[in-house]
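Visitor: Given next are the chains, with one letter for each unit.
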Amino acid sequence: MGWVEKEEKSPACGYGLLGLCCSACLFGPCRISPFEKDSEKGICGDVPDLMVAKNLLRVVTGEALEGLRCLKEATESLASHNLSKASKRRISEEKQKSIIEKYGLPSHITGKALSRHLSKEVERLLSPSSQGQHTFLKNIFPKKVFPSLNQYPFPPRSLMDFLLDSMKIGLAKSSDVGEILWQSLQISIITIICEELRDDVYDLIDGEGLSRRDAKVLDAIKSLSSDLSPVMLLLEDERIPSKEWVYQMAQELEKLSKNKVLTLSLRGIGSLLEIGRRLSEKWVLPIGGMRIVVLISSPSATWTLGALALGFTVISTPSLPIHGSERVEKFFSEDLKKRFGNIYFPTWREDLLNAVLEFLRWKD
Amino acid sequence: MLCQSCVLVCQMNFLGTSDPQKIPFDEKPLQRIRVTFSCGTPWVWKCQHCLSAPCLEACVSGSLITMEGRTGVMHHLEACVGCGSCLLVCPYGALSYDEKKKRVTKCNLCFEKEIPPCVEACQSRALVFQELNSFVQVKRKRVVQKTGGFHGVG
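As they're listed, the protein sequences go chains A and B.
For the first sequence, position 340 (counting from the first letter as 1) is numbered 339 according to numbering that gives the first Met the number 0, and the numbering increases by one without interruption.
For the second sequence, position 71 (counting from the first letter as 1) is numbered 70 according to numbering that gives the first Met the number 0, and the numbering increases by one without interruption.
By construction, these hints were calculated from the structure, which means they are not laboratory data.
Which chain A residues face chain B? A few, computed with CB under 8 Å, are given here: (1) C12; (2) G13; (3) Y14; (4) L16; (5) L17; (6) R30; (7) S32; (8) S318; (9) H322; (10) E325; (11) P345; (12) W347.
Note that the structure is predicted; figures quoted are calculated from it, not measured.
We put the beta carbon where it would ideally sit given N, CA and C, even for glycine.
Build out the structure end to end from the sequences listed, making use of the hints.
Guide: Okay, structure coming up:
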């Protein structure tokens, strides 16, 4: 559904926007009044904080599954491409080198053998029964760039196995809100991993991955000075037209910062990984220590949570449905900042522009 | 389970916001509309704006009035002394007492708006906003359509 249809459907469900509407079981939907949060519970006994957190977990789990499905499709295409004798396209040496370095693959593998190796590794990540440490994930997220992900590392299992286990936390009655939220952040990373891998897989076939269209952005990063400077990344979802609000916000920030904030437009969430690695290489800092704000326009919750999990500071529209719980809001505005230096700015904050400028440390 | 969208927008309107994500955490507005189950059927507890309203007759301060050209019973908070007489006589239990302000509060049909927000929020169209006579006419037409009509009726 596009924005136009969304506007036509308004007014939206107020409880849903707050995260206080749960339709996880057939007894529901349960709705908790935001003004009666101390006394009301869901039919399963979930208090408002738990309901908001579990709703987020459910959304990101569904989106991560979709990401895994797309990656599976890409790997199957790669496998059939490898078997096909008709394909004679040579992968450039530069591309092969970058893939080998990025995923920590043995350097002697080239050509179709590289495609087969990558395909096998991805299959291991997708299989629910595969065991053993995946060097893949360690190499994609270097500790010095993404310390948050290394503090809460992926267990040495496949992504599918991890996802299946995560669902258990969401279903447990005595779950801890903080634990559910960390789990949601980790699951969101699955979507980003899938997108980056999918792009590389399609590069090895003959297509053009979504993030490759963001190659110009990577060139712009090269031309940045070695002194730390504020950067705004405008991340738009191709599936929907951007809301006017996003452009207005970006323009307003540019104006207030007297055009000293570099604005870069992105199309794919997978690009954030490469951008993070490149910026960290340039400024020798983890993502959380930089003055970067990512402005996201996407209906996908994993985009917002994934960017947060990587250590980026994020403003997103539509906002995350978390205002129904002070505890969950505090997690995204305070707990994250204390641990990793990044923050989630909800669009309903009245001092949003000032807060963002303060974060970018751009004040007259 | 009940949708309760009307209840939420009514409370949001009381706080002066139309965006649920801008609700302040520390405020708790009174409910001028409540929805509960009554013998298994959803029942809306709200002012019915009676044509001969008992609350209006019981009001000692003159805070409850009918506006010229309108059928609604309006309540002026500033004039209310909080005696509670209207609460006792209302057959619909549609008024509530604000302990903080020591005043009575009720649905004013949000006369400053063209359509009350509760009606706009009601996705199932259980709440409608119409002039009394037009509603009767619609009902008559429906009966005529269903029954095929009788001479001299409808």
